[in-house]
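Undergrad: Order-wise, the sequence lines are chains Z and L. Residue 431 in the numbering used here is what sits at position 258 of the first sequence, and the numbering runs on without skipping anything. Residue 6 in the numbering used here is what sits at position 1 of the second sequence, and the numbering runs on without skipping anything.
Hints in this document: simulated from the structure, not taken from any laboratory. Predicted model only: the values in this text are computed from it and were never measured. Glycine is no exception: its CB is placed at the ideal position from the N, C-alpha and C atoms. It is possible that some hints are incorrect.
[What the hints assert, rightly or not] For each label pair, taking beta carbons as the anchor points, the in silico distance ranges come out as:
hint	chain 1	residue 1	chain 2	residue 2	range
1	L	S74	Z	M174	19 to 27 Å
2	Z	A426	L	E25	54 to 62 Å
3	L	S73	Z	A413	55 to 63 Å
[Said to hold, decoys possible] Here are the simulated EDC-like pairs of lysine to aspartate or glutamate, each with C-alpha atoms no more than 16 Å apart in a straight line:
hint	chain 1	residue 1	chain 2	residue 2
4	Z	K399	Z	D488
5	L	K65	Z	E551
6	Z	K552	L	E69
Listed below are the residues making up each chain.
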Amino acid sequence: MTQLQSKDSALLQQKTLLGSLQTSVADFASSLSALGKVGSTKALSASSSDSTVLTATATGATAAATYTINSITSAATAASERSTIGYADAGSTPVSTSGDVTIQVGATTKTLTLANNSLTSLRDQINGLNLGVTASILTTANGNYLSVSANTTGHTTLKLFDGDDTSGTNLLTSTNQGTDAVFKLNGIDVSQPGNVVNSVIPGVTFTILGPSTNPVTISLSSDRTKLSSALQDFVTNYNALKSQVNAQVGPAAGLLAGDTVINQLQSLLRQITSFHGSSGTVQSFAELGVEFSNTGVASFNQDTFNSLTDQQISDGFSYVASAGKFADNLTAFSDPISGLIQVEQNGITREDQSLQTQITTLNDRISVMQSNLTLQLEKADAAEAQLESQQSALTASLQGLSLVLYGKNPNQAA
Amino acid sequence: MTIEELDFLAIEASMAGDMEALESALAAREEAIRSLLALPASEEVFRRIQGAIIAGESIKAGLEIFRSSRGVDVVG
Numbered sequence: 174m175t176q177l178q179s180k181d182s183a184l185l186q187q188k189t190l191l192g193s194l195q196t197s198v199a200d201f202a203s204s205l206s207a208l209g210k211v212g213s214t215k216a217l218s219a220s221s222s223d224s225t226v227l228t229a230t231a232t233g234a235t236a237a238a239t240y241t242i243n244s245i246t247s248a249a250t251a252a253s254e255r256s257t258i259g260y261a262d263a264g265s266t267p268v269s270t271s272g273d274v275t276i277q278v279g280a281t282t283k284t285l286t287l288a289n290n291s292l293t294s295l296r297d298q299i300n301g302l303n304l305g306v307t308a309s310i311l312t313t314a315n316g317n318y319l320s321v322s323a324n325t326t327g328h329t330t331l332k333l334f335d336g337d338d339t340s341g342t343n344l345l346t347s348t349n350q351g352t353d354a355v356f357k358l359n360g361i362d363v364s365q366p367g368n369v370v371n372s373v374i375p376g377v378t379f380t381i382l383g384p385s386t387n388p389v390t391i392s393l394s395s396d397r398t399k400l401s402s403a404l405q406d407f408v409t410n411y412n413a414l415k416s417q418v419n420a421q422v423g424p425a426a427g428l429l430a431g432d433t434v435i436n437q438l439q440s441l442l443r444q445i446t447s448f449h450g451s452s453g454t455v456q457s458f459a460e461l462g463v464e465f466s467n468t469g470v471a472s473f474n475q476d477t478f479n480s481l482t483d484q485q486i487s488d489g490f491s492y493v494a495s496a497g498k499f500a501d502n503l504t505a506f507s508d509p510i511s512g513l514i515q516v517e518q519n520g521i522t523r524e525d526q527s528l529q530t531q532i533t534t535l536n537d538r539i540s541v542m543q544s545n546l547t548l549q550l551e552k553a554d555a556a557e558a559q560l561e562s563q564q565s566a567l568t569a570s571l572q573g574l575s576l577v578l579y580g581k582n583p584n585q586a587a
Numbered sequence: 006m007t008i009e010e011l012d013f014l015a016i017e018a019s020m021a022g023d024m025e026a027l028e029s030a031l032a033a034r035e036e037a038i039r040s041l042l043a044l045p046a047s048e049e050v051f052r053r054i055q056g057a058i059i060a061g062e063s064i065k066a067g068l069e070i071f072r073s074s075r076g077v078d079v080v081g
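Work the whole structure out from these sequences, hints included.
TA: Structure below.
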């Protein structure tokens, strides 16, 4: 029983160690993947020369570039109108001469037969149409006004006609039918309903905040601090993983000593740290400031990194883009469903279940044995009591018989 | 059965740790003792009673051995 329990305990400790290892491998894979992405996108960052009228974000651009927004005629706004007159009572003052109104939003028209010829009913029925507009009632000292606003920006038609077609009186103002974002990019006229522009410049999303007659420049340039930061994360997560692997190797190795996963991880880590690029001025991690000690501990030398030329940084991006491909090899270990570590954990879980079954069976058997033995001992007690009684009766009779036959007690000397 | 036969069975049962057999042997022995003690006084009865007392001590010894060996198992 003790042996089974010890074996099970060791298995569960192995499982815990593997779980911790899985997390560290996943973290390292994630940092290596991020490093690779920094390399492949060259850590391009977008900036605007005037962030009060336009902001820009790099969303996958792969080359440094500059774009000019020559002018911004207008930022996109949502259409918003109100009723031309105020209504004394929102719940009872009639809004339509016939009880019907026709709303037009862009190219869509819908006729409403008001359930109750009032502002409240009109508001609720407009909102029930899901036409992309929201109606509400504005209450002022001059009466109640219907407000209708488009839910999205862009120029449109927003009208509300009295009657069942578009020939009646427009009950709404015509002061704000919304505007499109209108601007000129590198001399080309662009107009679109929204202010977020993500389909004009590949890999760049910019947002128009307001009009401008002055040119605004969007610049895409490499940000070397992103590379430095990604290398730092790489070092941190490498050391966390390496220390776990080292704890399972050598004379003081833990419960995963000799485990296939540990051996294969050791080999993979060696491949990563010694990865050599095939071209350019940077072909190793050391040239980017990542140093590995004799014990395998990594450190990041910021001074080395800071001294790199622009060409070396550019080549460094290419190098880490290639090195980042090792992330897939790491994921083959850490994948929570099909990873090698998970597969091993599943095996341990099965073995643990089998041991638990054996322990339970054994416990049940011991329990039955204990009950039987307790019963046997109780019977022994009863037998002894009965025997004592028989012995007493026999001894008393023997004494009496001795007196009758020999005139003395059996214990008396002759 | 005679007291001697029953003594033999009881000793055998106690030495083997067979409490069920001992229980039934002692119950039968109870009756055999009553019969023995009802016999007229004689030297033979005297010897048989002596023999039964000695046999009783052997049964006790068997019970002690059983209890010490099984008792450890139960505690452990």
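Undergrad: The structure should be examined with respect to each hint, and the outcome stated for every one.
TA: To see whether the hints hold, each was checked on the structure:
| no. | hint | result |
| --- | --- | --- |
| 1 | L:S74 / Z:M174: 19 to 27 Å | holds (20 Å) |
| 2 | Z:A426 / L:E25: 54 to 62 Å | holds (56 Å) |
| 3 | L:S73 / Z:A413: 55 to 63 Å | holds (59 Å) |
| 4 | Z:K399 / Z:D488 | holds (15 Å) |
| 5 | L:K65 / Z:E551 | holds (15 Å) |
| 6 | Z:K552 / L:E69 | holds (13 Å) |
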